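Chains as they are written, first to last, in our numbering: chain R, 142 to 333; chain L, 650 to 962.
The set of hints was computed from the structure by calculation and includes no laboratory data.
Values in this document were obtained by computation on a predicted structure and should not be read as measured data.
Each hint should be verified, as a subset may be incorrect.
[What the hints assert, rightly or not] Heads up, incomplete: computed chain R residues facing chain L, CB under 7 Å, no partners named:
#1 154
#2 163
#3 166
#4 169
#5 170
#6 174
#7 191
#8 192
#9 195
#10 201
#11 258
#12 281
#13 295
#14 309
Glycine included, every Cβ here is placed at the ideal spot set by N, Cα and C.
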Amino acid sequence: MDSKETEGLLDMILQGDEDHYEEIMKAYQVKIFHYCYHILGHQVEAEDATQEVFIKAYRNLKKYKREIPFAAWLYKITYNHCMDVLRKRKWSRFLPFLQEVERGVSHIDIHIEDVYFSESVYVAMSALSVEERTLLILRGVEEKTYEEIAQIMNKNAASLRKKFERTAAKFRNVYSPLEKGGAKHAESARLT
Amino acid sequence: MQNQRDSHKDIKDLFSDPRIPQQIDVTKSVMEKIQSQKERFFVKYKVSILVAIALIASITTGYAAVKHYQLKNPQGEVLYQEKDVSEYEGKGQIVKELDPETHALYDIRWKIEDNMEPGTAAAVYIVAHNPKKQIFTISRPFEFTSLVDVRKKVGEQIFVPETLPGGYSFLDASLENSLKHEYNAEALYKQAEQEKKEYVMQPLEWTNELNTLYLTYKEAGGGYLHLHISNFENVVNSTRYIVGLDSQKKEVMKIGQMEVLYTEEVRGDQVGRQIVWVTENTGKKLQYELNASGEVLNKENISQFIDTVMTKN
């Protein structure tokens with residue numbers, strides 16, 4: 142969906158035709174879900190977060206200023222929402238299963254499948270701050286420009302650029318695919 | 650040198666795993682919630698007005714509690730202050746929407762930077778997607794893995810410690826000085842026209858004035874400390890705007906005659922700690938920022954870090 146189409150729909154929604162909000166959601170929901178999925182490391186929480194983000198966005202549509210792209214504004218809400226979720230979450234409840242990964246206990250393979258696609262990636266992502274995870278996903282995976290990411294994170298684009306290189310290096314440093322007794326599936330790539 | 654997009658292909662591939670759920674549809678549940686909230690709103694509207702009136706006093710008090718954090722020199726002048734980003738009132742913060750043309754232009758711009766050698770800078774004119782004939786100043790910081798080399802580069806203006814308390818040793822550094830913005834735009838346009846290239850560039854020279862120095866220290870257990878020293882001379886109102894200032898725990902502390910801003914922030918299962926201070930010793934303002942995770946830096950040992958960093962200043 143291009144920006145003109147989005148703006149047209151937003152105008153109609155703001156004039157009271159709220160059904161068009163469905164079209165907005167259909168255009169952005171998979172991207173927003175994937176972002177939440179990687180930041181939160183949990184499928185069900187990511188689904189809930191996606192819902193909450195769209196509800197928050199709807200409630201605040203009147204405040205949306207058109208100077209920034211709608212997608213960037215939506216990601217900004219998502220970024221803040223994920224920060225809130227992580228603050229509220231008792232992170233420690235995930236730790237026992239991480240420790241079991243190290244011991245090679247196989248039943249956690251089943252557990253992780255319902256939660257996140259790869260325990261190795263989960264462990265590596267856990268070593269990053271929310272800001273770093275955001276940068277890794279938005280730049281490294283979604284290939285957004287640093288200007289767009291700067292809008293989302295309220296940061297300076299030049300500093301993000303430097304930070305991304307360090308974050309990617311940090312991620313690679315921690316990431317190590319579990320090949321025996323760990324992951325149920327072979328990892329798609331070994332990072333070097 | 651590898652294109653940056655290609656150099657991070659491994660990460661993109663990893664996150665393109667087929668096990669990642671590809672389908673989600675929250676439209677129905679969101680629309681239902683929006684509808685039900687709307688209905689509840691009308692029922693509760695009158696009651697809410699009364700409650701809102703009663704709450705006005707406390708809300709006003711809440712606004713008054715907005716925090717600023719300031720560091721002052723012994724003469725009482727503000728050297729540095731932090732405010733929440735919501736208080737930013739300047740213009741030009743928001744980048745205008747990136748249309749496909751601008752997007753394409755910036756893609757080329759980043760590609761050029763990715764292919765530049767560390768420690769080089771240039772004025773670059775990109776021909777395609779550039780109707781305003783904008784000229785970019787592009788630079789790559791100097792990179793160092795040797796303490797001797799980085800000390801040689803910064804000279805006497807800044808002391809670069811070999812180690813930091815807690816068993817941390819110098820790992821690497823990147824440095825950028827200010828640039829001499831001396832280029833001939835017309836010559837670039839002409840060169841592009843004659844050579845029919847996608848872009849043309851003129852090398853730019855660095856000044857000797859430090860812009861930013863980013864130092865990383867590592868300990869045997871794999872922990873990192875990041876020391877960032879930057880020129881704070883021309884920062885507007887000496888103010889930095891912080892995202893989510895309220896979520897950070899801050900305290901201005903006095904180390905000798907100097908004020909230091911100590912920050913704690915919960916990040917996932919860890920606590921990030923930071924100290925910031927500003928010096929005027931070299932005749933201009935330099936901002937120091939030390940970032941750490943875990944307990945290595947705390948309120949009790951701040952002076953050890955500052956003593957180590959400021960030894961020769």
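Restraint check, 7 Å cut-off on beta carbons, for residue 295 of chain R near chain L: With a closest approach of 5 Å, the residue 295 of chain R hint holds.
Hinted contact residue 170 of chain R with chain L - closest CB pair below 7 Å: At 6 Å from the nearest chain L Cβ, residue 170 of chain R passes the 7 Å test, so the hint holds.
Interface hint outcome for residue 195 of chain R [beta carbon to chain L under 7 Å]: At about 5 Å, which falls below the 7 Å cut-off, the nearest Cβ of chain L leaves the hint on residue 195 of chain R intact, so it holds.
Restraint outcome when residue 166 of chain R is required to lie within 7 Å of chain L by C-beta distance: holds, 5 Å
Interface hint compliance - residue 192 of chain R to chain L, C-beta minimum distance less than 7 Å: holds, 5 Å
Restraint outcome when residue 258 of chain R is required to lie within 7 Å of chain L by C-beta distance: Cβ of residue 258 of chain R sits 4 Å from chain L, so the hint holds.
Hint status (Cβ of residue 191 of chain R to nearest Cβ of chain L, threshold 7 Å): At about 5 Å, which falls below the 7 Å cut-off, the nearest Cβ of chain L leaves the hint on residue 191 of chain R intact, so it holds.
Hint check: 7 Å Cβ-Cβ cutoff, residue 163 of chain R to chain L: With a minimum Cβ separation of about 5 Å from chain L (threshold 7 Å), the hint on residue 163 of chain R holds.
Chain L contact restraint on residue 174 of chain R - CB to CB distance below 7 Å: With Cβ-Cβ at 5 Å, under 7 Å, it holds.
Minimum beta-carbon distance criterion (7 Å), residue 309 of chain R to chain L: This hint holds: residue 309 of chain R lies near chain L, its Cβ roughly 6 Å from the closest one there, short of 7 Å.
Proposed interface contact between residue 281 of chain R and chain L, which counts if any beta carbon pair is under 7 Å: At 4 Å from the nearest chain L Cβ, residue 281 of chain R passes the 7 Å test, so the hint holds.
Hint status (Cβ of residue 201 of chain R to nearest Cβ of chain L, threshold 7 Å): violated, 12 Å
Violated hints for the displayed structure, listed by number in ascending order: 1, 4, 10.
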